[in-house]
Amino acid sequence: MPLYYDRLHHKAESVNDTTAPYKIKGNSLYTLKKPSHCFKENHPNLCALINNESDPLKRGFASFVASNANAPMRNAFYDALNSIEPVTGGGAVKNTLGYKVGNKSEFLSQYKFNLCFENSQGYGYVTEKIIDAYFSHTIPIYWGSPSVAKDFNPKSFVNVHDFNNFDEAIDYVRYLHTHPNAYLDMLYENPLNTLDGKAYFYQNLSFKKILDFFKTILENDTIYHNNPFIFYRDLNEPLVSIDNLRINYDNLRVNYDDLRVNYDDLRVNYDDLRINYDDLRINYDDLRINYERLLQNASPLLELSQNTSFKIYRKIYQKSLPLLRVIRRWVKK
Numbered sequence: 001m002p003l004y005y006d007r008l009h010h011k012a013e014s015v016n017d018t019t020a021p022y023k024i025k026g027n028s029l030y031t032l033k034k035p036s037h038c039f040k041e042n043h044p045n046l047c048a049l050i051n052n053e054s055d056p057l058k059r060g061f062a063s064f065v066a067s068n069a070n071a072p073m074r075n076a077f078y079d080a081l082n083s084i085e086p087v088t089g090g091g092a093v094k095n096t097l098g099y100k101v102g103n104k105s106e107f108l109s110q111y112k113f114n115l116c117f118e119n120s121q122g123y124g125y126v127t128e129k130i131i132d133a134y135f136s137h138t139i140p141i142y143w144g145s146p147s148v149a150k151d152f153n154p155k156s157f158v159n160v161h162d163f164n165n166f167d168e169a170i171d172y173v174r175y176l177h178t179h180p181n182a183y184l185d186m187l188y189e190n191p192l193n194t195l196d197g198k199a200y201f202y203q204n205l206s207f208k209k210i211l212d213f214f215k216t217i218l219e220n221d222t223i224y225h226n227n228p229f230i231f232y233r234d235l236n237e238p239l240v241s242i243d244n245l246r247i248n249y250d251n252l253r254v255n256y257d258d259l260r261v262n263y264d265d266l267r268v269n270y271d272d273l274r275i276n277y278d279d280l281r282i283n284y285d286d287l288r289i290n291y292e293r294l295l296q297n298a299s300p301l302l303e304l305s306q307n308t309s310f311k312i313y314r315k316i317y318q319k320s321l322p323l324l325r326v327i328r329r330w331v332k333k
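Here the sequence shown stands for residues 1 to 333, numbered as in the UniProt record's numbering.
These are computed hints drawn from the structure, not numbers from a lab. Careful: at least some of the hints might be erroneous.
Capping the alpha-carbon separation at 30 Å, the derived lysine-lysine pairs in DSSO-like fashion look like this [as the list claims (entries may be wrong)]:
{"no.": "1", "residue 1": "K11", "residue 2": "K33"}
{"no.": "2", "residue 1": "K23", "residue 2": "K155"}
{"no.": "3", "residue 1": "K58", "residue 2": "K104"}
{"no.": "4", "residue 1": "K25", "residue 2": "K112"}
{"no.": "5", "residue 1": "K155", "residue 2": "K11"}
{"no.": "6", "residue 1": "K58", "residue 2": "K94"}
{"no.": "7", "residue 1": "K155", "residue 2": "K40"}
{"no.": "8", "residue 1": "K11", "residue 2": "K23"}
{"no.": "9", "residue 1": "K100", "residue 2": "K40"}
{"no.": "10", "residue 1": "K94", "residue 2": "K11"}
{"no.": "11", "residue 1": "K94", "residue 2": "K40"}
{"no.": "12", "residue 1": "K104", "residue 2": "K11"}
{"no.": "13", "residue 1": "K112", "residue 2": "K155"}
{"no.": "14", "residue 1": "K58", "residue 2": "K112"}
{"no.": "15", "residue 1": "K150", "residue 2": "K25"}
{"no.": "16", "residue 1": "K104", "residue 2": "K40"}
{"no.": "17", "residue 1": "K112", "residue 2": "K23"}
{"no.": "18", "residue 1": "K104", "residue 2": "K33"}
{"no.": "19", "residue 1": "K58", "residue 2": "K155"}
{"no.": "20", "residue 1": "K215", "residue 2": "K150"}
{"no.": "21", "residue 1": "K11", "residue 2": "K40"}
{"no.": "22", "residue 1": "K112", "residue 2": "K40"}
{"no.": "23", "residue 1": "K58", "residue 2": "K40"}
{"no.": "24", "residue 1": "K104", "residue 2": "K94"}
{"no.": "25", "residue 1": "K11", "residue 2": "K150"}
{"no.": "26", "residue 1": "K58", "residue 2": "K11"}
{"no.": "27", "residue 1": "K25", "residue 2": "K104"}
{"no.": "28", "residue 1": "K33", "residue 2": "K23"}
{"no.": "29", "residue 1": "K11", "residue 2": "K100"}
{"no.": "30", "residue 1": "K155", "residue 2": "K104"}
{"no.": "31", "residue 1": "K34", "residue 2": "K11"}
{"no.": "32", "residue 1": "K104", "residue 2": "K150"}
Can you build the whole structure from these sequences, using the hints too?
Below you can see the structure in the form of structure tokens.
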């Protein structure tokens, strides 16, 4: 289920209000609840726009509200667009106001365009951002799901996926900004694709469509991409054949076999080094034993040598004593 369905629910609840410019049908489930009476008080600019009490052309250029800074594509497009015409940031990212806006819908309604990029790209990954822009009567500049035009009227928003690069998309935004008639034509387009006066996604998500989807899975040798987040999956997502998956498997198998051969070679080298180490260790132990044996045998000889030398020196000293006495007497005289 697309993520923006939840936002549609909350928007429908918010306009169950006696002062709201948007009206819901009398047989809607939302009308069963007691209406509120504060929409106009909380959204004065938005109400003035919808009631044709203010000029949609006499608004700021573009708005931007985001809380996640980890979105390289969105940040890059903001910088490129902001270099052409100042973009007002009211969120935690690229904030130009000095504070975070509390009423997003009222804030967006004060600008002609809203930069509503998703955090990342993925089929079916359509969040509340584009819904918030439509609700605020501003033109969405969208990037995120390549299949977004399956649900939303491509004439009602700037789909960056339709352009070869950011420069082309920005040139088109600039064209709309400087050509009032083209801008108003897009602004007043029905946001949703319709079939027989009914939003297209109702038919697209019919029970038959879902059954056909599962039938395709069971009867054909194709599968759908499995996004890590299952609720981002889209029925329009491209198919991948089993043959392609088989090729990838075979390539991985070849790589595994190569790694296994390298591992075996390394193991053989390790075993050889281990054998050499063990041989060296044995030789070292033998040398150590021989050294200790030689040292043990040499100790008595050293001791004997030291004792013999002392006796020789003593005899020489004793024999030289008479001579030493004569020398002393001679020196005294």
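Against the structure, the hints:
no., hint, result
1, K11 with K33, "holds (14 Å)"
2, K23 with K155, "holds (23 Å)"
3, K58 with K104, "holds (19 Å)"
4, K25 with K112, "holds (28 Å)"
5, K155 with K11, "holds (22 Å)"
6, K58 with K94, "holds (24 Å)"
7, K155 with K40, "holds (29 Å)"
8, K11 with K23, "holds (11 Å)"
9, K100 with K40, "holds (21 Å)"
10, K94 with K11, "holds (26 Å)"
11, K94 with K40, "holds (29 Å)"
12, K104 with K11, "holds (12 Å)"
13, K112 with K155, "holds (16 Å)"
14, K58 with K112, "holds (8 Å)"
15, K150 with K25, "holds (25 Å)"
16, K104 with K40, "holds (14 Å)"
17, K112 with K23, "holds (23 Å)"
18, K104 with K33, "holds (24 Å)"
19, K58 with K155, "holds (22 Å)"
20, K215 with K150, "holds (22 Å)"
21, K11 with K40, "holds (14 Å)"
22, K112 with K40, "holds (20 Å)"
23, K58 with K40, "holds (20 Å)"
24, K104 with K94, "holds (15 Å)"
25, K11 with K150, "holds (21 Å)"
26, K58 with K11, "holds (25 Å)"
27, K25 with K104, "holds (25 Å)"
28, K33 with K23, "holds (14 Å)"
29, K11 with K100, "holds (21 Å)"
30, K155 with K104, "holds (24 Å)"
31, K34 with K11, "holds (15 Å)"
32, K104 with K150, "holds (26 Å)"
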